[in-house]
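Single-letter residue listing:
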Amino acid sequence: MSARINFQDVISNGGSLIAGKLALSCRGLTAFHDGVPLLRDFDLDLRTGEIVAIVIESEWGARYIPRMMNGIEVPEAGTIELFGTDITGLNERLRLALRHQVGYLFHNSGLIHNLTVWYNVALPALYHSRFSDLQGVSAWVDRLIARCGLERCRDLRPALLDEATRKRVALARAWVMAPPLLIFEDPLMDIDVGSGGELLDLAFGPSASGDDQDDPRPNSPAVLLTSQGLHEGLFRHVDRLIIVENADVIFADDPRKFDRRGKVFPRDVIESRGNELG
Amino acid sequence: MAQASISGTRFLSFPGRVGEQTRLYLRRLSDRIRFALQVTGVLFRLPALGIGYTWRVILNQVRFTGVQALPFVAFVSAASSALIVIQVLSQASRVGFEGIIGMVFVSALIRELGPILTAVVVIGRSGTAIAAELGTNQVMEEITALETMGIDPLHYVVFPRLVGVTVATLCLVIFFDAVAILFGFLAAQLTVSMTLGTYLQYIADQAALIDFWVTGLKGLLFGMIIALIPSYHGLIVTGAPTDVPKATTRAVVECLALVFLVSAIISVLFYY
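Chains A and B are the protein sequences, given in the same order. The opening position of the first sequence corresponds to residue 1 in our numbering, with each subsequent residue numbered one higher. The opening position of the second sequence corresponds to residue 1001 in our numbering, with each subsequent residue numbered one higher.
Honestly, I wouldn't trust all of these hints.
[As the list claims (entries may be wrong)] Once the Cα atoms are required to be at most 25 angstroms apart in a straight line, the calculated SDA-like pairs of lysine to any residue come out as:
| hint | chain 1 | residue 1 | chain 2 | residue 2 |
| --- | --- | --- | --- | --- |
| 1 | A | Lys-21 | A | Thr-85 |
| 2 | B | Lys-1246 | A | Lys-257 |
| 3 | B | Lys-1246 | A | Asn-114 |
| 4 | B | Lys-1246 | B | Thr-1144 |
| 5 | A | Lys-257 | A | Asn-246 |
| 6 | B | Lys-1246 | B | Leu-1046 |
[Claimed, not checked] Chain B regions said to be covered by chain A (calculated; three or more residues, Cβ under 8 angstroms):
| hint | region |
| --- | --- |
| 7 | 1065-1073 |
| 8 | 1139-1148 |
No wet-lab data here; the hints were simulated from the structure. Cβ coordinates follow ideal geometry from the N, Cα and C atoms, glycine included.
Could you build the full structure based on these sequences and the hints that come with them?
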């Protein structure tokens, strides 16, 4: 059962995460969609301070894998441990209770359409703190909104925003609980290459002011993201690149060691055509 | 899965088809009961979950379901009570039996028609809105997004609607009865020039305390049905936006059937 969370503790813990702590671990993960294998015997260890990207051709795979890691979907076989707890055997209520430690960015932003941008960002913090620290939450959300450049649309509803801006709102929402683990579900989906690069720079680039003390982003979280294509931004920011082809891992190493020649993902073709047209 | 079993029944004998359909209905019934228990289970978790942030949703629901429905409920109540009083008194006054109005009013309007007509209005306005809203939320993956944030949709989405609709329906049933008594008198005055004292005396002679308890009980149960069934149908929408109107239709039909069934069961339990 989820209990009320002290929001000031959340913020201070998020700022003092210790790099190298195991946040997510999975062993022998096997998943299918409509009989088509998405992953076969997949192993992963993800530690705080590490950014890992899984590139998979399948659109469904790019959504399904992060959802499995967060306990929304259940794999056919294998185990997933979030912060040392095996979530595959937990019931829904216990899985819910673990998720305030995970910031999650949806492929379609997943914003609540009858709430303004400000409330969308604030929602997890308001819910988990049971509205007990309105002033603290309010100041924190204002900082995140400023960090993501959303001041001018803070009182608008998501339907009035373009997809790239919605993704920035979703990113601010993923940060609001200063989580030790961030999962980004195909964040580059439905946005152009330039906006995708900006989103990745915003998420993983150096702090805007150059002073880490002023940066409201969680310090050294573990990050797992999926993508359907090899975006340039991934090579700039990611520590480890995992490429899945026909449900098997064909590459898992530093992205700088990956030879892109001869390897083209459908999403890359769409992006390069978009660049030519643009 | 359910579709496969229905199409499979073509090859079954008649008793086999009946058995298959019964099994299917029982499974649907158990799904709804399980959902209702899960939502009401939120009540027991409230000390841990808190209610502060759901107040806004509850108040919005009471405003939409209750306050905004007042004019229409008043209209239905005034029209139905006036029609019944005029029909009864125009016949009864010929044989000097005006006193029957009290019995007809209490047994027909207060005990039965009041809660049922109120429920029909609430189903039409709020039941459809809840099913459509939650169905759209489901299609837009907003419910899944809530779950990824560790927010329990039963607590954040369904529970405030359950409380709001139940409170609003109970209040509307009481409001319906009050308006019915008022417009019943106006109709009686116009039809047979009955005085207010006589009219109220006829009603008071027939009404017992249990009538108000039973009416209140019906209001509470109807409110719960109208919140839970559309929420259930909204939340089981999967896939396409075209499923949303289908879910809404199913919710309305089930709500109506359940309201009449529950009303009949309560009346039999308390009056026969």
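For each hint, the structure was consulted:
Of the supplied pair hints, the one linking Lys-21/A and Thr-85/A holds, its CA atoms being roughly 14 angstroms apart against a limit of 25 angstroms. Between Lys-1246/B and Lys-257/A the alpha-carbon distance is near 52 angstroms, which puts this suggested pair outside the 25 angstroms criterion. For the hint pairing Lys-1246/B with Asn-114/A, the CA-to-CA distance comes to about 23 angstroms; that is within 25 angstroms, so the pair holds. Restraint check for Lys-1246/B and Thr-1144/B: satisfied, since their Cα atoms lie roughly 21 angstroms apart, inside the 25 angstroms limit.
Of the supplied pair hints, the one linking Lys-257/A and Asn-246/A holds, its CA atoms being roughly 21 angstroms apart against a limit of 25 angstroms. Restraint check for Lys-1246/B and Leu-1046/B: the C-alpha separation of about 33 angstroms exceeds 25 angstroms, so the hint is violated. Three residues within the 8 angstroms Cβ limit are the bar, and the region 1065-1073 of chain B against chain A gives 0, so the coverage statement is violated. Chain A is given as covering the region 1139-1148 of chain B, and this holds because 8 residues of the stretch bring a CB closer than 8 angstroms to a CB of that chain, at least three being needed.
Consistency note: the structure conflicts with the earlier hints numbered 2, 6 and 7.
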